[in-house]
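From first to last, the protein sequence lines stand for chains A and B.
Each residue of the first sequence is one higher than the one before, starting from 6 at the first, in my numbering.
Each residue of the second sequence is one higher than the one before, starting from 341 at the first, in my numbering.
Please note: incorrect hints may appear among the correct ones.
[Said to hold, decoys possible] Pairs of lysine-lysine residues, derived as BS3-like cross-links and limited to a Cα-Cα distance of at most 27 Å, are as follows:
id, chain 1, residue 1, chain 2, residue 2
1, A, 514, A, 323
2, A, 222, A, 282
3, B, 440, A, 364
4, B, 460, B, 514
5, A, 66, B, 442
6, A, 66, B, 368
7, B, 404, A, 354
[Said to hold, decoys possible] Heads up, incomplete: computed chain A residues facing chain B, CB under 8 Å, no partners named:
id, residue
8, 61
9, 67
10, 192
11, 236
12, 266
13, 267
14, 270
15, 299
16, 363
17, 364
18, 367
19, 415
20, 417
21, 424
22, 426
Since the hints were derived computationally from the structure, they do not count as laboratory data.
Remember, predicted model here, so these are calculated numbers, not experimental data.
Ideal Cβ placement from N, Cα and C applies to all residues, glycine included.
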Amino acid sequence: MGDTKQARTFDAIVIGSGMSGGWAAKEFCEKGLETLVLERGRDVKHIKDYPTTNMMPWEFKHRGEIPYDIREANPVISRCYAFREDAMHFFVKDTEHPYIQDKPFDWIRGYQVGGKSIMWARQTQRWSDFDFEGPARDGFAVDWPIRYKDIAPWYSYVEKFAGISGNKDGLPNLPDGEFLPPLELTCVENYFKEIVAKNFKGRDVIYGRCAHLTEPKQIHIDQGRGQCQNRDLCQRGCPFGGYFNANATTIPWALKTGNMTLRPFSVVHSIIYDDAKGKAVGVQVIDANTKESIEYYAPVIFVNAGAYNTNLILLNSKSKRFPNGLGNDNGILGKYAAFHNYRAEISAKYDGFPDTTSKGGRRPTSAYMPRFRNLYKQETDFLRGYALTFSARRWPNNDTNGFGQNLKENLLAEPTLGPWYVGSQMMGETIPKETNFLSLDADKKDDWGVPLLKINIDYDDNDEKMIKDFFEQMTEMYTKAGFTDIKTSDSKQAPGLDIHHMGGVRMGKDPKTSMLNKWHQFHNCSNVFVTDGACMTSTSTQNPSLTFMAMTARAANYAVEQLKKGEI
Amino acid sequence: MNRRSTLKTLLIISTGAALLPSCLPDEKKSSISLKNIKINGKDEELLSDLSETIIPKTNTPGAKDVSAHLFTLMMIDYCYAPADQDKFVKGLKEFEDFSKKKFDKSFLRCFASERAEILKSIESKKDIPENVAFFYNTTKRLVLQAFTKSKYYLTKVQVYELVPGKFYGCVPVKKAS
Numbered sequence: 006m007g008d009t010k011q012a013r014t015f016d017a018i019v020i021g022s023g024m025s026g027g028w029a030a031k032e033f034c035e036k037g038l039e040t041l042v043l044e045r046g047r048d049v050k051h052i053k054d055y056p057t058t059n060m061m062p063w064e065f066k067h068r069g070e071i072p073y074d075i076r077e078a079n080p081v082i083s084r085c086y087a088f089r090e091d092a093m094h095f096f097v098k099d100t101e102h103p104y105i106q107d108k109p110f111d112w113i114r115g116y117q118v119g120g121k122s123i124m125w126a127r128q129t130q131r132w133s134d135f136d137f138e139g140p141a142r143d144g145f146a147v148d149w150p151i152r153y154k155d156i157a158p159w160y161s162y163v164e165k166f167a168g169i170s171g172n173k174d175g176l177p178n179l180p181d182g183e184f185l186p187p188l189e190l191t192c193v194e195n196y197f198k199e200i201v202a203k204n205f206k207g208r209d210v211i212y213g214r215c216a217h218l219t220e221p222k223q224i225h226i227d228q229g230r231g232q233c234q235n236r237d238l239c240q241r242g243c244p245f246g247g248y249f250n251a252n253a254t255t256i257p258w259a260l261k262t263g264n265m266t267l268r269p270f271s272v273v274h275s276i277i278y279d280d281a282k283g284k285a286v287g288v289q290v291i292d293a294n295t296k297e298s299i300e301y302y303a304p305v306i307f308v309n310a311g312a313y314n315t316n317l318i319l320l321n322s323k324s325k326r327f328p329n330g331l332g333n334d335n336g337i338l339g340k341y342a343a344f345h346n347y348r349a350e351i352s353a354k355y356d357g358f359p360d361t362t363s364k365g366g367r368r369p370t371s372a373y374m375p376r377f378r379n380l381y382k383q384e385t386d387f388l389r390g391y392a393l394t395f396s397a398r399r400w401p402n403n404d405t406n407g408f409g410q411n412l413k414e415n416l417l418a419e420p421t422l423g424p425w426y427v428g429s430q431m432m433g434e435t436i437p438k439e440t441n442f443l444s445l446d447a448d449k450k451d452d453w454g455v456p457l458l459k460i461n462i463d464y465d466d467n468d469e470k471m472i473k474d475f476f477e478q479m480t481e482m483y484t485k486a487g488f489t490d491i492k493t494s495d496s497k498q499a500p501g502l503d504i505h506h507m508g509g510v511r512m513g514k515d516p517k518t519s520m521l522n523k524w525h526q527f528h529n530c531s532n533v534f535v536t537d538g539a540c541m542t543s544t545s546t547q548n549p550s551l552t553f554m555a556m557t558a559r560a561a562n563y564a565v566e567q568l569k570k571g572e573i
Numbered sequence: 341m342n343r344r345s346t347l348k349t350l351l352i353i354s355t356g357a358a359l360l361p362s363c364l365p366d367e368k369k370s371s372i373s374l375k376n377i378k379i380n381g382k383d384e385e386l387l388s389d390l391s392e393t394i395i396p397k398t399n400t401p402g403a404k405d406v407s408a409h410l411f412t413l414m415m416i417d418y419c420y421a422p423a424d425q426d427k428f429v430k431g432l433k434e435f436e437d438f439s440k441k442k443f444d445k446s447f448l449r450c451f452a453s454e455r456a457e458i459l460k461s462i463e464s465k466k467d468i469p470e471n472v473a474f475f476y477n478t479t480k481r482l483v484l485q486a487f488t489k490s491k492y493y494l495t496k497v498q499v500y501e502l503v504p505g506k507f508y509g510c511v512p513v514k515k516a517s
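Pulled out of the complex, with its shape left as it was, chain A reads as follows (with noise of 0.2 Å):
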C-alpha cells in the first residue's frame, strides 16, 4: 500500500502509548478495530529496550549519580526522585523539550513508548463516593458526572489484568479491588496499624495496594509475565514483568492482535476538524526526524499523551468551528488544572521492637493511610484532606569513623541493626482553581513546530493550612505510638514533582461549564475522548493511574459500542 489517504486511516487513532493510551490501544486492538497508537518518542520494547535493568551497583559508573553538567542544564528533572543514573535515559531533559514556566511547575515528562508508566511509583487505590462526590458536597470545581458504580466494573477489568496486590480492608472510603496478595508490612508498621486503630477512630493504616505481581494469575503469564522479585529497581524496566507498565502488558497484548500500527517518532500537532462533518477526522502529526507533516484519519480519536500535553495538543487544536482549541466554547480548556501536594513529610525514631527486623527483598511499598480528614463532614479550616504513606524499617550500620585498619575491619564486621526509623509522606488534594491553567505561548514554538507550553499552577492558601495539619495530626499519631526524634519537613517543592498533573479538559455534566461528558467525549465534539489526567474534575489524595486505566477502558469499550451503532 503506497500512501495514501486510505493508507493513513484507521478505525481509531490513540494518542500517547503510557499508562492511560496502551489501554485504549489494548481496547480497540481487542475488539477489532484497526488502531493507529501515535507516540511521540521511541519505541521501548520490554526487556530488550530496558539497558540497565541487569546492572550491579558497582557497574555504573557513577554509582548512580548525575553528572554535575547534566543536572545544571537541567534543572527541572534532576528535581526528581528517579532521575537517577540508572534510568535517566527514561526521562525528559529540559534542555529537550522546553516550555515556560510563569509560575515555578515541574514538568516531569518521559516522552518513549510505555512514557511514565516505566518509572510509576505504581501505588494503586480506588476512588470512592467520598472521592466523586468532592467537589458537589463541598463546593469547588463542578460535580463528576460519574460516580463510583460506573467505574468500579472497570476498576475491576484492570486490576485483573494489571495485577495489582492489596488487602481487602472493607474501607468505605477506600475500596477493596481484586487484590493479589499483600506485601507484609513490617513489626513497626503493624504496631503503628494497631495504636491507631485503637486510639483513633476512623483512621486505618493498611498493606500499600500496588500494581506488582506478587502471585501471579494465568492472565499473567499469558502476558509473559512473572512474580515480583522484590528488587525495586521498577525505573529501569523489570526483566520479570514484575509490575505493570505498558511495555509489559498493554502494548505487547494490543500487538498481538495484529491490529495495531505503532508508530513512534510521531508529534502530534493537532486534531484536525472538518466543519462540514462537523467532527473531528484525524490528527497532524510531525514526524519527530523528518520534520514532515503527515495526516492520520479515524472516525474515533483518543488524547492520552499525559495530562498537560493533552491540553497543549488540544489548545492547539484550532479550526473555524473552534477557534480557541478544540471544543472550546466555553474557554475553559486549560484552565482548572491541578495536582498533588507531596510537599510535607515526616520522620522519627523507634526503640521498641528492638529484637525483631524485616529481611529478604526490597519492598517495592510501604503502609498507607487513606484520607481521613473531612471525610464524612466538614471539620476543618481547610477543605478536603490528604492521604499518606507509613514506612518503618532498620538499617544496618557498619561504623565509618577513623581510618586505616580499625575502620576496615569495621568494614567488614556483620553490620548492627540501627534503631526502628519510622516516615509518612503527604498526599494532598489540591482545589482545581480557574487560576491554576494552561496556555499556549503565542510565538515561541519547538522544533517541531508546536507552540510551547505555558504553565501557571501554584499552590493556594488550602494547601498550607493542610500541610499545618498533616504535621500535626502526625505529631499527635507518631508521639501516641511512642516514636521520638519527630521531625517534620516541608521541602517546598514546587507543584508538578509530585507528577500526578491533572485537569484542564475537566469531566463534568454541563457543557457550559465543563468539556467532556461522563463518557469522557467532548460535549461538542463526540468522537474525540480525552481519558488521561487531563479529564479530572477533582484530584483527591489517590495515586491517580489506576483511575485512568479503569477511565480509559469504560470510555473505549463505549467509543467501539458507539461505533458500531453509527452513533459516532
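Given the coordinates of chain A, assemble chain B onto it according to the supplied hints.
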C-alpha cells in the same frame, strides 16, 4: 621512516630521557582522562596513598585494589560543582603543605606512622585549613563509597542480591542475617 629521521628521533628521545628525572613530577599525567580538574601523576599518587591509608590492604583488598582513588577523581571531575572541584584541588595541594609543615616532607615520603598522624590531626578538626578539611572529608567519603559499592565488597562482604525474592516484614533479629 628513513635512517636520518630515525636517528633524530632517537636523539630527541634520549635527550628527553636525560632531562626527565628533574621534571618528572610535573610531567607525569594522571592515568585517567579528566575534563575539568587538573591533576598530575604525583597528585594521583598522593590520592592513591591517602586512600590506602584510609582503607589499607591487609589479607583482603584495600582502597587501591578497588581503584578508590581513581573513582574519587572521576566523581570530583564529573559530579561536583566547579567551586567544589576548585576546593578539592586546592585542598590536595594544601594537604601536601600540611604534611611538609608537620614532617618536612611530602605525604608520599612519609612513613605509615607519620601518615596516620597527619590523618589523625585532620580528623581532630583542630586548626585545620578549610580546604584541607574539605579535601580529606570528600576523599574519605568517596573512598568509602568506592569500597563499599565495589564488586569485592558487594560479592564477598555484604552480598548484594540483584534478585532478592520474598520480603519478610517481621522476623527475629538473629534470624535476619
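Hints and how they fare:
| no. | hint | result |
| --- | --- | --- |
| 1 | A:514 / A:323 | holds (24 Å) |
| 2 | A:222 / A:282 | violated (47 Å) |
| 3 | B:440 / A:364 | violated (50 Å) |
| 4 | B:460 / B:514 | violated (36 Å) |
| 5 | A:66 / B:442 | violated (37 Å) |
| 6 | A:66 / B:368 | holds (25 Å) |
| 7 | B:404 / A:354 | violated (37 Å) |
| 8 | 61 | holds (6 Å) |
| 9 | 67 | holds (6 Å) |
| 10 | 192 | holds (4 Å) |
| 11 | 236 | holds (6 Å) |
| 12 | 266 | violated (36 Å) |
| 13 | 267 | violated (30 Å) |
| 14 | 270 | violated (30 Å) |
| 15 | 299 | violated (41 Å) |
| 16 | 363 | holds (5 Å) |
| 17 | 364 | holds (4 Å) |
| 18 | 367 | holds (6 Å) |
| 19 | 415 | violated (10 Å) |
| 20 | 417 | holds (6 Å) |
| 21 | 424 | violated (12 Å) |
| 22 | 426 | violated (15 Å) |
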